[in-house]
Structure formats: C-alpha cells, structure tokens
Amino acid sequence: MSGTVCSSGAVTQAQRAVEQLRLEAATERIKISKAATELMLYCQENCRQDPLLSGVPASANPFKDKKTCILL
Amino acid sequence: MCDQTFLAISFGPCDKCVKTKPLMNIYIKTDQFNYCSLCVEMMANEGLRDNETLSSLKNESETLKCKLEEERAKLHDVELHQVADRVDALGQFVMKTRRTLKGHGNKVLCMDWCKDKRRLVSSSQDGKVIVWDAFTTNKEHAVTMPCTWVMACAYAPSGCAIACGGLDNKCSVYPLTFDKNENMAAKKKSVAMHTNYLSACSFTNSDMQILTASGDGTCALWDVESGQLLQSFHGHAADVLCLDLAPSETGNTFVSGGCDKKAMVWDLRSGQCIQSFETHDSDINSVRYYPSGDAFASASDDATCRLYDLRADREVAIYSKESIIFGASSVDFSLSGRLLFTGYNDYTINVWDVLKGTRVSILFGHENRVSTLRVSPDGTAFCSGSWDHTLRV
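Which chain is which? The protein sequence lines are V and C, in order.
Quick note on numbering that gives the first Met the number 0: the first sequence kicks off at 0 and runs consecutively.
Quick note on numbering that gives the first Met the number 0: the second sequence kicks off at 0 and runs consecutively.
Hints are not guaranteed to be accurate.
Using 27 Å as the maximum straight-line C-alpha spacing, the simulated BS3-like pairs for lysine-lysine come out as follows [what the hints assert, rightly or not]:
no. : chain 1 : residue 1 : chain 2 : residue 2
1   : C       : K116      : C       : K101
2   : C       : K355      : V       : K33
3   : C       : K186      : C       : K260
4   : C       : K101      : V       : K30
5   : C       : K106      : C       : K18
6   : C       : K114      : C       : K64
7   : C       : K260      : V       : K30
8   : C       : K66       : V       : K33
9   : V       : K33       : C       : K116
10  : C       : K73       : V       : K30
Beta-carbon label-pair distances, calculated as ranges [what the hints assert, rightly or not]:
no. : chain 1 : residue 1 : chain 2 : residue 2 : range
11  : C       : N24       : V       : K33       : 42 to 50 Å
12  : V       : S53       : C       : I317      : 20 to 28 Å
13  : C       : T147      : V       : E18       : 56 to 64 Å
14  : V       : L40       : C       : D266      : 22 to 30 Å
15  : C       : K101      : V       : V55       : 19 to 27 Å
16  : C       : Q227      : V       : E18       : 21 to 29 Å
It should be emphasised that the hints constitute simulated quantities derived from the structure, not laboratory data.
From the three backbone atoms N, C-alpha and C, an ideal C-beta is built for every residue, glycine too.
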C-alpha cells in the first residue's frame, strides 16, 4: 500500500483493510515456546554486560559522586 | 478518521479524463499516475468485482480477523514466565538518583541520550529544549522553540544536532555548535510538516533521515537536507503517540503506537504495515524495541505494559498489578533486556523482570508524573523526566 491515495469512500477503506488482513494472515509465525526461549537466551548472554543488572564497581561508575580533591 | 500528511497538490490535466483539475498522485502497480479525484473514485469502484459490496467486504474482514486470532492462538503453547522458570530470580535492587537536572521552567515532556553516553537533550512544555551533560549537570545548549509543548526531541547519532517538535506541527533540526556567539535558532532547519502536533521523532542510523509520528495519525520519513518526504505510513485510526526504530542489526522496521490502542510494525522502505497488535485497552503512550529486535514493549494508559514478540506475532507477557491504576507513560529496556523500566502517572518508576513478569523494584523521587524515561546507550544509568520540571539520572 505504498503511495498516497486519498481514502475516499468506505469501500476503498474496507478493501484496504481486507488486503491488510490477508497480508497479516499470511505472515509466518513461530511458536511461543521457541520465541520465549530465544528471548531468554539473549538475556542470559548479555546479562554480564548489563551494568544496571550486575552493578558497576564504585570506581568505574561515572555517576558516583566524587569527593572533591583538596590541593594542598 | 486520520488526516493525510501534508503534501503539495499539483493542478493540471488528468491522465485519464484530460480535464484540468487538482491532481492526486497515485501508484498503480508501481507506476505513478496523476489522476483527478473523480477518476480515482470511479476506478476504485470499478476495482470491485461484481459481487463485492461494502457488507461482503466487512464480512470478509471479520472472518480474516477470526482466522488471524486462531492462527496466533495455535502457537500459544506456553507462557513466557513458564519458560523463564529455569532462570535465576534477580536479587534485590538498589537504585539511587545520582543526578537531578533542574532548569526547566515547566513540565519535562521528552528526553533522549546522545551516543556518547553522557549528554542528553530534554524538552519541556515551556518551549525550551536543553542539552545537558549528565556527569556534571551543566547545561551545554539551550534553545527556545517558537511553540509550547515540545513533545518530541531526539539526539542525532553523530551528536552534532538535535531535532525537536510539538504543537508547531513540524520537526526542526538544530545543529549544535560550541561557538558562544552563534545563535542556535538562526541555524534551525524545518524538516517535517504534519497537519497536527508532532508526538515523536527519531533519527534513523544516520543524521540525514528523521522519522516522525504525529497527531494526524501518520508517521513519516524525511530527508534532513532537503526536507523532502521520503515515505509516509498510513494506517493508524487515531493520533500516533510514539515510535521506536529497530536496533540496527535487525533491519529497516519501526514500531509505532497510538490512541487507537494499536501498535503497528512498519517496513521503512515500502511504507507497508507488516504486523499490528491490538490488545491494549487504552492509548499506547510509549513503545520500545527489545535489544535483540525480536520483540517490543508498550506502555499504555490502561496501567499495563505488554511485551509483544514479533516472530510469534502475539503478546507474550503483561506487566501489571492490581495496585497500579495509573497509566504508564514511558518504557525502556536495560541493556540485556532483562529489566524493564516503566514510568507511571502516579509519580513512580517500576522495574519489572521481563522474563518472569514480576516487579523487581519501585523507585520514588519524582513529585509529579513521570513523562519520559530512557536508558543510557551503555546501560550504566537511566534518565527519567517528569512534570515536576526535573530530570533524574
């Protein structure tokens, strides 16, 4: 449905809705068990790199309030 | 009824009836034609086969919808949290506000991080757009937009420009300059033109293209240099409130959510809607892709957040609690996708375990509703903006 047809008339709208639904009905789907396992695997693979999950040591945390240095 | 994205209408001889009338540019099997609106109507009606009437089309769409539901239900063999039972539970989380960015004169409506993980841009109701350094809390740039309610702002991938828009119906790109003498507003470039307010904008992988979503029900892809409309996406029946681009490895799609309770996934190049999901009970305020690009989460005024898997083509998890009655305004994933941060209108931020569907932590601190929330690009922090005029990192 690329292009810029003005949606004149309920007929054209209904036609487009049917086209869209036909397209969606034809899309390939996988089982949730497979999709869910893949999501889980992704999480586990990346959880080590996730600072919010595993925490950062205070020295590496750029947001930690640093104590002011006093120049003697 | 959604309005069209604004386009120039040309006037001239129609390709079919040869009369001089305002022309519409339409595509038939990838060929471009200029027809007057009368011819388009007649052709549309001719396109109907003999026994097709409005009611038969409606019946067909109903049966197709049922068929879709059946197909989706067939694959619903197990719940996400059942699969996640094998995963260790997360420990207790302690997250503290490390920085509070004060300076906006009114409600903060939107924010975005820069790829350098330290700068961020935020926009507010009073028309000000400010670029902050999150480490030092200094304001680096400030622009005053000619309109109020700047609902969308985005940082360019290069870090050299910002885009923002709101009630002015357009998206303006400001190049960032460190020259103190230059007036940033002078270099402004108006890129997008919609017929209603701009609700969200985002740069694609380059500085050269911007994707916008608008209250007129459409999304559009624009070229920054020329301001030309590259592709428009029609399909939402009401205002589009949010959009998110797929993470670069997985290709040219984006998801948008709107007031019609639908979240739709689009192909950037063809303008086609690939998938649509309609399980929310109210407006979808925010959508965000899962880091792997295979799923996305949406936050809605019905006080729930839902996770939709793109390959299974259905909703796989709902994040809600009976005690939460206020709408969720924004959502974002942590770097690994294990945590989901959501900001609510009851001034809190809830942290959910994506896989198990349980709430891990609640963060308090804002004094008004949380309007926007984003995790930094390296995942070390997240920033939330609120109607209490502040941002917290």
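Results for each hint:
no. : hint                       : verdict
1   : C/K116 - C/K101            : holds (19 Å)
2   : C/K355 - V/K33             : holds (16 Å)
3   : C/K186 - C/K260            : violated (38 Å)
4   : C/K101 - V/K30             : violated (48 Å)
5   : C/K106 - C/K18             : violated (53 Å)
6   : C/K114 - C/K64             : violated (41 Å)
7   : C/K260 - V/K30             : holds (25 Å)
8   : C/K66 - V/K33              : holds (22 Å)
9   : V/K33 - C/K116             : violated (34 Å)
10  : C/K73 - V/K30              : holds (8 Å)
11  : C/N24 - V/K33: 42 to 50 Å  : holds (43 Å)
12  : V/S53 - C/I317: 20 to 28 Å : holds (27 Å)
13  : C/T147 - V/E18: 56 to 64 Å : violated (40 Å)
14  : V/L40 - C/D266: 22 to 30 Å : holds (26 Å)
15  : C/K101 - V/V55: 19 to 27 Å : holds (25 Å)
16  : C/Q227 - V/E18: 21 to 29 Å : holds (27 Å)
Violation of the numbered hints given earlier is confined to hints 3, 4, 5, 6, 9, 13; the remaining hints are satisfied by the structure.
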